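Peer 1: Could you put the whole structure together from the sequences, leaning on the hints where they help?
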Amino acid sequence: MADNTTGEIKETLHQEAEAYRGDSDQPLFGYAATVSVYTALAGAGLLAARRSRRGGAAANVGPWDLVLMALTTHKLSRLVAKDPVTSPLRAFFTRFKGVSAPSELSEEVRGQGGRRAVGELVTCPFCTAQWIATAYAFGLVFAPNATRGAGAVFSSVAVSDWLQLAYVRLQKAQE
26 MADNTTGEIK ETLHQEAEAY RGDSDQPLFG YAATVSVYTA LAGAGLLAAR
76 RSRRGGAAAN VGPWDLVLMA LTTHKLSRLV AKDPVTSPLR AFFTRFKGVS
126 APSELSEEVR GQGGRRAVGE LVTCPFCTAQ WIATAYAFGL VFAPNATRGA
176 GAVFSSVAVS DWLQLAYVRL QKAQE
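Residue 26 is where the sequence shown starts when you use this note's numbering, and the numbers rise one by one after that.
Keep in mind that the hints are not guaranteed to be accurate.
[What the hints assert, rightly or not] Estimated spans, in silico, between C-beta atoms of each pair:
1) Trp89 <-> Leu114: 23 to 33 Å
2) Asn29 <-> Phe54: 16 to 26 Å
3) Arg46 <-> Gly174: 38 to 48 Å
4) Phe54 <-> Gln189: 34 to 44 Å
5) Glu36 <-> Val178: 42 to 52 Å
The set of hints was computed from the structure by calculation and includes no laboratory data. Nothing here was measured: the structure is a model prediction, and the numbers come from that model. In this text, a Cβ means the ideal position worked out from N, Cα and C, and glycines have one as well.
Peer 2: And the structure:
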């Protein structure tokens, strides 16, 4: 009887996914797996923080930590999702299309199911930012000094990138 119920649930989920997708090729089950992995990792981190009695450390995040975290998250999410140097990390999930901006690539997600869902995650700086910000928050709990040090590096690189782009714009405006 349990096998029959499980089969009915699977069939209902499949039908609902098809009804949602329509003509699109959205990998709903891949998305569900990705969200499940994120939730499991975040839950494990929270449990570890609680067991180590460091759970209250997250409440001590001040405004400068938030600024550092935001800049670091911005830079790392673009680094993971768009940088040519990290393209080998995305290669299994994407196909090179060209250059999209200074020092950034345009890539097309390939595959189906979980492969496609991960491809969409690793090529989207907005999507990747959630994972990076979560990791940064846990870094502040478990290794605050190292996390702030790494954050300072990536934050300064983010500001430097913006200054480089502004400089190029100013040069072009002078021409």
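Peer 1: Take the hints in turn and mark each one as holding or not.
Peer 2: Hints, one by one, checked against the model:
Between Trp89 and Leu114, the C-beta spacing of about 30 Å keeps the proposed range 23 to 33 Å intact. For the pair Asn29 and Phe54, the beta carbons lie near 21 Å from each other, so the given range of 16 to 26 Å is met. Roughly 45 Å separates the CB atoms of Arg46 and Gly174, a value that falls within the hinted 38 to 48 Å. In this structure the hint that Phe54 and Gln189 lie 34 to 44 Å apart at CB holds, the actual value being about 41 Å.
For Glu36 and Val178, the hinted distance range of 42 to 52 Å is satisfied, since their beta carbons lie about 51 Å from each other.
Taken one by one, the earlier hints all hold for this structure without exception.
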